[in-house]
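K.L.:
When we follow full-length UniProt numbering, the leftmost residue of the sequence shown carries the number 1, and every step to the right adds one.
I should point out that these hints are in silico values taken from the structure, not numbers from a laboratory. Keep in mind the model is a prediction, meaning the values are calculated, not measured. Where hints are given, some of them may not hold.
Taking lysine to aspartate or glutamate and the EDC-like style, the derived pairs with C-alpha atoms no more than 20 Å apart in a straight line are [what the hints assert, rightly or not]:
#: 1; residue 1: K32; residue 2: D50
#: 2; residue 1: K32; residue 2: E54
#: 3; residue 1: K41; residue 2: E91
#: 4; residue 1: K32; residue 2: E85
#: 5; residue 1: K77; residue 2: D20
#: 6; residue 1: K32; residue 2: E69
#: 7; residue 1: K41; residue 2: E67
#: 8; residue 1: K14; residue 2: D3
#: 9; residue 1: K77; residue 2: E67
#: 10; residue 1: K41; residue 2: E29
#: 11; residue 1: K77; residue 2: D50
#: 12; residue 1: K41; residue 2: E54
#: 13; residue 1: K41; residue 2: E85
#: 14; residue 1: K77; residue 2: D52
#: 15; residue 1: K41; residue 2: D52
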Amino acid sequence: MDDAALDELNSLRKSIDNIDAALVHLLAERFKCTQTVGRLKAAVGLPASDPDRERIQIARLRTLAEEAELDPAFAEKFLTFIVAEVIHHHEQIASTGCARDRDA
Numbered sequence: 001m002d003d004a005a006l007d008e009l010n011s012l013r014k015s016i017d018n019i020d021a022a023l024v025h026l027l028a029e030r031f032k033c034t035q036t037v038g039r040l041k042a043a044v045g046l047p048a049s050d051p052d053r054e055r056i057q058i059a060r061l062r063t064l065a066e067e068a069e070l071d072p073a074f075a076e077k078f079l080t081f082i083v084a085e086v087i088h089h090h091e092q093i094a095s096t097g098c099a100r101d102r103d104a
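Take these sequences, add in the hints, and give me the full structure.
P.N.:
So this is what it looks like as structure tokens:
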């Protein structure tokens, strides 16, 4: 690999690293919000899961993915994975008053 190609590769990798860091921080902020939602749901007796909201969010994310030229199926899998973790946290909050990862 010549120097120009190596420089471009390193530059692209640095961009990817920065995007990955931003994703982690955004996910952390999202989970802070969902922890608060979980505590509110537990306080008022709502179930951990809200299938109607989840369906709406999946449809919204698929549309956003299409607009961003990202595979909508991938976006759906990504959100489904996150929602499953959120539901798990909400169930923990409902049963113990805290979520294992943040509040224990």
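K.L.:
Give a verdict on every hint.
P.N.:
Quick rundown of the hints versus the structure:
no. : hint      : in the structure
1   : K32 x D50 : 18 Å, holds
2   : K32 x E54 : 18 Å, holds
3   : K41 x E91 : 10 Å, holds
4   : K32 x E85 : 13 Å, holds
5   : K77 x D20 : 18 Å, holds
6   : K32 x E69 : 28 Å, violated
7   : K41 x E67 : 32 Å, violated
8   : K14 x D3  : 16 Å, holds
9   : K77 x E67 : 17 Å, holds
10  : K41 x E29 : 19 Å, holds
11  : K77 x D50 : 17 Å, holds
12  : K41 x E54 : 15 Å, holds
13  : K41 x E85 : 16 Å, holds
14  : K77 x D52 : 17 Å, holds
15  : K41 x D52 : 15 Å, holds
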